[in-house]
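**Q** From first to last, the protein sequence lines stand for chains B and V. When you line the first sequence up against the numbering used here, it's residues 1 to 116, in that order. When you line the second sequence up against the numbering used here, it's residues 117 to 227, in that order.
Rather than coming from a laboratory, the hints here were simulated on the basis of the structure. Some clues are possibly wrong.
[Stated by the list, open to error] Below, a sample of chain V positions facing chain B; criterion: calculated Cβ distance under 7 Å:
#1 PRO123
#2 GLN158
#3 PRO160
#4 ASN173
#5 PHE217
#6 THR219
C-beta atoms are modelled at their ideal positions from N, C-alpha and C, and glycine is treated no differently.
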Amino acid sequence: KAGVTQTPRYLIKTRGQQVTLSCSPISGHRSVSWYQQTPGQGLQFLFEYFSETQRNKGNFPGRFSGRQFSNSRSEMNVSTLELGDSALYLCASSLTNPGLTNYGYTFGSGTRLTVV
Amino acid sequence: DAKTTQPPSMDCAEGRAANLPCNHSTISGNEYVYWYRQIHSQGPQYIIHGLKNNETNEMASLIITEDRKSSTLILPHATLRDTAVYYCIVRPRGTGNQFYFGTGTSLTVIP
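Let's have the full structure, built from the sequences with the hints guiding it.
**A** Right, dumping it as structure tokens:
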């Protein structure tokens with residue numbers, strides 16, 4: 001079956017613009033999490049959605065937001081882009097309610113965002 | 117979450133076993149140990165996880181010490197495709213999917 005699909009794969013934006021990234025989880029998966037990866041900070045948790053509800057949020061400014069649709073697809077938005085937002089943004093999905101499982105979850109290949 | 121300590125880098129000869137250590141001396145009773153790896157420019161890949169018993173799957177084995185303060189991930193016959201950054205993570209059950217990845221161990225498999 002298809003894995004986690006993230007679009008676009010690469011993106012270049014200018015400071016001050018906004019951007020929307022998309023994630024389609026594995027079919028049947030209801031939980032979607034987002035991570036930011038930079039060389040300096042490593043992998044950092046952004047937020048997690050389950051059944052269209054945000055369950056958990058990392059320590060990022062309000063410029064970072066997300067949502068999940070009824071088909072479990074998720075989007076994240078970054079407004080007023082800064083140079084420091086340049087990163088690989090990773091989406092991960094898992095099958096069940098994340099509070100009830102110990103299973104690992106599946107990552108997509110990410111969207112590489114460059115802010116110039 | 118409990119913090120983990122991993123060596124920043126390791127080398128392993130192709131075909132040999134790669135033993136990647138992880139220290140999690142502050143782990144509590146309900147925290148699981150997870151291992152993920154990330155090959156350059158790809159998303160992290162789940163390898164294995166365990167609570168207190170040793171675990172084995174088609175990718176690797178996980179050995180957890182009796183006091184649970186450390187663990188070792190074993191790749192029994194390393195190949196060049198196993199070159200990656202390996203992350204050891206501890207996470208309590210029931211806290212959702214928030215993982216703290218740390219800096220990991222960069223494993224290089226040498227031909």
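**Q** Against this structure, judge whether each hint is valid.
**A** Structure-based check of all given hints:
1. PRO123: 16 Å, violated
2. GLN158: 6 Å, holds
3. PRO160: 5 Å, holds
4. ASN173: With Cβ-Cβ at 11 Å, over 7 Å, it is violated.
5. PHE217: Status holds, d = 4 Å.
6. THR219: Hint on THR219 of chain V: holds, closest Cβ of chain B at ~6 Å, below 7 Å.
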